[in-house]
Amino acid sequence: MSNSGLDIAFEAYHRERRRLNQKRYRKKQRKLAEQLEIDNQQLRNEIERLHNQRNGLSCGISTKETLWSVAVEYFRVFRRGLHVPTTRLSPGDRIVELEFLRATMSQDLDAGNVRGFELLTRNWKVFTQYFKDVHVQLRRLEQTSDRSLIATTTTSITITSHSLRYMLPNLAVADMIAPLLECLGSLEDVSLVFQNALIQPDCNLVIGEHLSQQCTSLEWWTTRTQLHPTT
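Sequential numbering of the sequence shown, starting at 375, is according to the working numbering.
Hint data in this document are derived by calculation from the structure and do not stem from the laboratory.
Any given hint could be a false lead.
Listed next, with one range per pair, are the computed distances between beta-carbon atoms [said to hold, decoys possible]:
| id | residue 1 | residue 2 | range |
| --- | --- | --- | --- |
| 1 | Thr518 | Ile573 | 42 to 48 Å |
| 2 | Leu483 | Leu572 | 51 to 57 Å |
| 3 | His536 | Arg489 | 24 to 30 Å |
| 4 | Ile573 | Met541 | 23 to 29 Å |
| 5 | Asn544 | Arg400 | 53 to 59 Å |
| 6 | Arg423 | Asn544 | 35 to 41 Å |
| 7 | Thr518 | Arg454 | 57 to 63 Å |
| 8 | Arg389 | Leu572 | 55 to 61 Å |
| 9 | Ser535 | Gln403 | 38 to 44 Å |
| 10 | Asn570 | Arg454 | 47 to 53 Å |
| 11 | Trp442 | Gln415 | 50 to 56 Å |
| 12 | Ile573 | Arg453 | 31 to 37 Å |
| 13 | Leu566 | Leu483 | 19 to 25 Å |
| 14 | Gln574 | Arg454 | 52 to 58 Å |
Computed from a prediction, not measured in an experiment: that's the story for all the values here.
Just so you know, even glycine gets a beta-carbon here, dropped at the ideal spot from N, CA and C.
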């Protein structure tokens, strides 16, 4: 084989070596990135588990606890509502707040507008899910009988657009007919305005071919409504 042929073979050999090395490197980097994502998810799960555990520390209630101490502990545990982990719990994990309820309340408890353990916990979860910054502060306890207490509390929450959308939907209803009627003077003219319009009287977009390319990234349509007090 001539020197030129050896040079070509030698160059081809090194190109193949470089290609294989790059392929192994990319595979190694991909596996490293995948492992880092798994580790990050495990870390997030652990942080969430520890956070929920911290929120519900010292919830073990013995049979010797008095009515007063149980009532105080109830409002201490639920002072921030009921935060349920978004990740699936393993069989050995427990939500401390729910364990507290099971230890101190009967299954047919009367909680005013609901009755029963499951409905009470559902109310706590829904309330905490749809209102931000829940803070329940116990102000006073008054014992009215051997088995009854009256608790006076102050509850503060933050009402967000999420709260309005799901808990107070009647406050977030949009209506374009009334202002257009005031501007145009007749329902016939208002009806003409909405013929072939790309928006409906309730402010919902009519997604068709004309808007499909512009709205592919649209996930939801939010209507902002200003509330004015009436006299």
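If you test the structure against every hint from before, which numbers come out violated?
Structure breaks hints 1, 7, 11, 12, 13 and 14.
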